[in-house]
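A.B. asks: Chain by chain, the residues run as shown.
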Amino acid sequence: MELGNQLLQYLLSGLSTGAIYALIGIGFSIIYNATGIINFAQGEFVMLGGMLTLFLMETLKLPLWAAIPLAVLLATLVGLLFERLAIRPLRKASPISLVIITIGGSILIRGLSMLIWDKDTHALPPFSSEEPIMIAGATVLPQHFWILGITVVLIGLNKWFFSHTISGKAMRACSYNPRAAGLVGIDVRRMVLLSFVISAAMGSLAGIIVAPLTMTSYDVGVMLGLKGFCAAIIGGMSSGIPTVIGGLILGVLESLGAGLISSGYKDAIAFVILLLILFIRPQGLFGKPESERV
Amino acid sequence: MKKELIKYAVFALCILLAPLVFSGNYLMNVLVFVGIHTMLAVALNLLLGYAGQISLGHAAFFGLGAYGSGILSTTYNWNPWLAMTVVALVVGGLAFAIGFPILKLKGHYLAMATLGMGIIVYIVFNEWVAITGGPSGFSGIPNLELGPLVFDSDLKNYYLVWSFVLGCVLLSVNLANSRIGRAFRAIHDAEVAARVMGVNARLLKVQVFALSAMICAIAGSLYAHVMTFVAPPSFGFNISVELLTMVVIGGLGSIYGSFLGALLLTLLPEFLRFMHDYDIVFYGGLLMVMTIFMPGGLVRGIPDLFRKITGLKNKKGGAHA
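Top to bottom, those sequences are chains A and B.
Last residue of the first sequence: 294 (UniProt numbering), numbering continuous.
Last residue of the second sequence: 321 (UniProt numbering), numbering continuous.
Bear in mind the hints are in silico, worked out from the structure with no lab data behind them.
Beta carbons are placed, not taken as given, at the ideal position from N, Cα and C, and that holds for glycine.
Among these hints, one or two may not hold up.
For the chain A half of the interface with chain B, some residues (derived, Cβ under 8 Å), not all of them [stated by the list, open to error]:
no.: 1; residue: PRO89
no.: 2; residue: ILE96
no.: 3; residue: VAL99
no.: 4; residue: GLY104
no.: 5; residue: LEU115
no.: 6; residue: ASP267
no.: 7; residue: PHE271
no.: 8; residue: VAL272
no.: 9; residue: LEU274
no.: 10; residue: PRO282
Whenever a hint applies, use it, and build me the whole structure from the sequences.
C.D. replies: Right, here's the structure in full:
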């Protein structure tokens, strides 16, 4: 295969993994904007999406179209419980306690999944045919199009929710200033809960659409979650387009790095980018620097 | 200060006499690991409990120490003591250098950056097969020697490791009670206020980060020479989290608390062998329960609990009288 075709191939597969990172990153940002918490358990929702769908299909023999919404629902329920049981009792705690509690939560969810299911990796069936499609010399699996399509729809929905619905606007108000939002009658605690619900739903759906390509197991959440966080950092913790671009940049760079440099160091690329961004532009690629409030 | 000295003397005496009470190779071996974990937990506690800076990548420094010593003393035939010293200094210097950009970050961002650093190092251990042996590990590391004495039995290793632990605890207790220790606590409580009072917060934070990394590297060297074999899983993200759990459970900002945390989290899995796969669930649950109900850790939580119980009794007594 000549280099041009090869590059196109890497670009296309990079875009679809990038889309997944973008969805996970938006989940991080939504919770961060509502609460100031980085939810280290975000990746576990992604894992739950894939594993629950698999469980519903294999054990309960549900068809794929029924298993997916049910799995998202169940994962969202876990997100809701997590907020009620772990985050709410600690609202006034220091960032370090919050980091520790979400890490504790993620270990717990991962551990329980390992016990309930197993340690093996499983494949989810693709949403449509497995026949690859040829585009200008590059072979693309139909699942890539599913990923890109569903991501575009989700991002559109997300945009609509935050700019055109009362709840969405209320959540934005909370992210600007929770006290002022409370004063004008917004139930801040409900909005925090809602942010966990939305992130869990988006994360789990991301986990479902990627599972046919990359397989799923009890521990896929760690890496996917961290890379979603990288996407959010590149996007300056925005719950909109900058994080999407962040995810796509990360996905493409990773895919190019894996293809052209070394696949073993693929995961390291994301973290080198993460560190560089944090060191050089902690406000994200597109943000303006903020002055620190004391 | 006198109270601290007595506390330390009692601690040291207990450690030195422990082999008289507990014997058997298996138990000694477990206690060697308690020692290594205590060093790591104390090192992380200096950073997290005193200076208030989180790190989710401390296993990387531990790993660099272990691989550094192992590779230098085996592949390049260096004297193990020399290798240990050089590696500790290099890792300390490295931590000092990356400390400046990394400690500019706060809270969640710092947690993520240290985590990223830890994962990069872990990936290198796995992928740089020619030097590290890759996923199958690096073996044939020599034991440490001191003149005619070769540290090759569990009892000898016990005294080797614990003399390092005692040194490290003494250093930490002294540091915590010095002018620098007070400056750390000021940074922890209010960094801006501390800076206004003339504390060079930035430099101090980087220095404690480097010191903490150095202690971890020494612990890593000891681990390599005691085990004579190292492999990447001993230095992964899980280990960083385990260290964090030890510090939190023992109590942030308490040196002896870290020992307690290390003791508990090293012994428990040994006693809970029958539920081997459940230990990860146990860690996660323990972390959450402790942060919610006992944010001060065992060293503060248990006296509080005790006071609450006796307080309740007194109240009852008062009502009856």
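A.B. asks: If a hint holds in the structure, say so; if it does not, say that too.
C.D. replies: Structure-based check of each hint:
Nearest Cβ of chain B to the Cβ of PRO89(A): about 5 Å, under the 8 Å cut. The hint holds. Nearest Cβ of chain B to the Cβ of ILE96(A): about 5 Å, under the 8 Å cut. The hint holds. Given the 8 Å rule on beta carbons, the hint for VAL99(A) holds: about 5 Å separates it from the nearest Cβ of chain B. The criterion of a C-beta within 8 Å of any C-beta in chain B is met by GLY104(A), whose closest approach is roughly 3 Å, and the hint holds.
Using the Cβ-Cβ criterion of 8 Å, the hint placing LEU115(A) at the interface with chain B is satisfied: the shortest such distance is roughly 6 Å. Proximity of ASP267(A) to chain B holds as hinted, the smallest CB-CB distance being about 6 Å (cut-off 8 Å). A least Cβ separation of about 4 Å between PHE271(A) and chain B falls short of the 8 Å threshold, and the interface hint therefore holds. The criterion of a C-beta within 8 Å of any C-beta in chain B is met by VAL272(A), whose closest approach is roughly 7 Å, and the hint holds.
Annotation: interface hint on LEU274(A) holds; nearest CB of chain B at approximately 5 Å, less than 8 Å. The restraint placing PRO282(A) at the interface with chain B holds, with a minimum CB-CB distance near 7 Å, inside the 8 Å limit.
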